[in-house]
Amino acid sequence: MANQNTSNRVLLVEGESDKHVVRRLCNRYPDFQIVDDDDDRLEFRSPESESSEWQTIDILNRVNVEQLLESINVEIKVSGRQAVGILVDANDNLRSRWDAVGYRLRMAKIQFPQFPESAGTIIEGKPRVGIWLMPDNESSGELEDFVVKMIPDGDPVWPLSQQYIDGIPTDNRKFTEKKMLRAKLYAWLAARRDPKQMGSAILSHDLKVDGPLCQDFVDWLIKLFK
1 MANQNTSNRV
11 LLVEGESDKH
21 VVRRLCNRYP
31 DFQIVDDDDD
41 RLEFRSPESE
51 SSEWQTIDIL
61 NRVNVEQLLE
71 SINVEIKVSG
81 RQAVGILVDA
91 NDNLRSRWDA
101 VGYRLRMAKI
111 QFPQFPESAG
121 TIIEGKPRVG
131 IWLMPDNESS
141 GELEDFVVKM
151 IPDGDPVWPL
161 SQQYIDGIPT
171 DNRKFTEKKM
181 LRAKLYAWLA
191 ARRDPKQMGS
201 AILSHDLKVD
211 GPLCQDFVDW
221 LIKLFK
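Counting in my numbering, the sequence shown runs from 1 upward without gaps.
Hints were generated in silico from the structure; no laboratory data involved. It is possible that some hints are incorrect.
[As the list claims (entries may be wrong)] With a straight-line Cα cutoff of 20 Å, these simulated EDC-like cross-link-like pairs (lysine to aspartate or glutamate) come out: (1) K109 to E124; (2) K208 to E124; (3) K196 to D37.
[Stated by the list, open to error] Between beta-carbon pairs, the in silico distance windows are: (4) D39 to P156: 35 to 43 Å; (5) Q114 to K178: 35 to 43 Å; (6) R28 to Y164: 42 to 50 Å; (7) P113 to N172: 41 to 49 Å; (8) A108 to P195: 22 to 30 Å; (9) S139 to I34: 26 to 34 Å; (10) I34 to Y164: 28 to 36 Å; (11) Q197 to G154: 39 to 47 Å; (12) Q67 to T170: 19 to 27 Å; (13) S139 to Y103: 19 to 27 Å; (14) Q114 to R192: 21 to 29 Å; (15) Q67 to P47: 42 to 50 Å; (16) V35 to Q82: 34 to 42 Å.
A virtual CB, placed ideally from N, CA and C, is assigned to each residue, including glycine.
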């Protein structure tokens, strides 16, 4: 069931890591701000608006992709809702994930395109609906694949982190082959001055936010929530 106390702009995410990465990334851009570190909201000011008033975006953690998908129809039908963003991992099969989102949107009477847009999909209407498939709307993968692109070019620890994980004998690995990149990223995060989660590494500027993929993502949010 939707929370009737949420704002008229919501972003649905799969988990806490997604929420923190989005909030910390956006907070590095001038059109967004975090008012309270302890809540789930972002403040947003559209560059297209003549008003200087900040609007609220609620980032709703649905815990897992199944619950997120089940919530789409409900959230879209909330009275007064202006925009709904859907942020999900493509995982192993981008086409399958796209079709799963499309099925829920068609149930809500939303016209759904056949293919995702590379810079994020936006469907105009009431409400406006946006879909971003992590990492880049074109590849299989997840949030960590997006964040790896934020490691600064030439970072000396990144190749060492990759070598460390690659050097663990297969029989001693507690992770699957599909999670290799995630393991390498967390090895890199462990080597920070203050070992951090992904969102905290953005806050401390250990991760860069000015690359083309980050810019595409932020531009998608701006167009969606304008």
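Checklist line | Hints not upheld, ascending by number | finding: As far as the earlier hints go, 2, 5, 6, 8, 11, 12, 14, 15 and 16 are violated by this structure, in ascending order.
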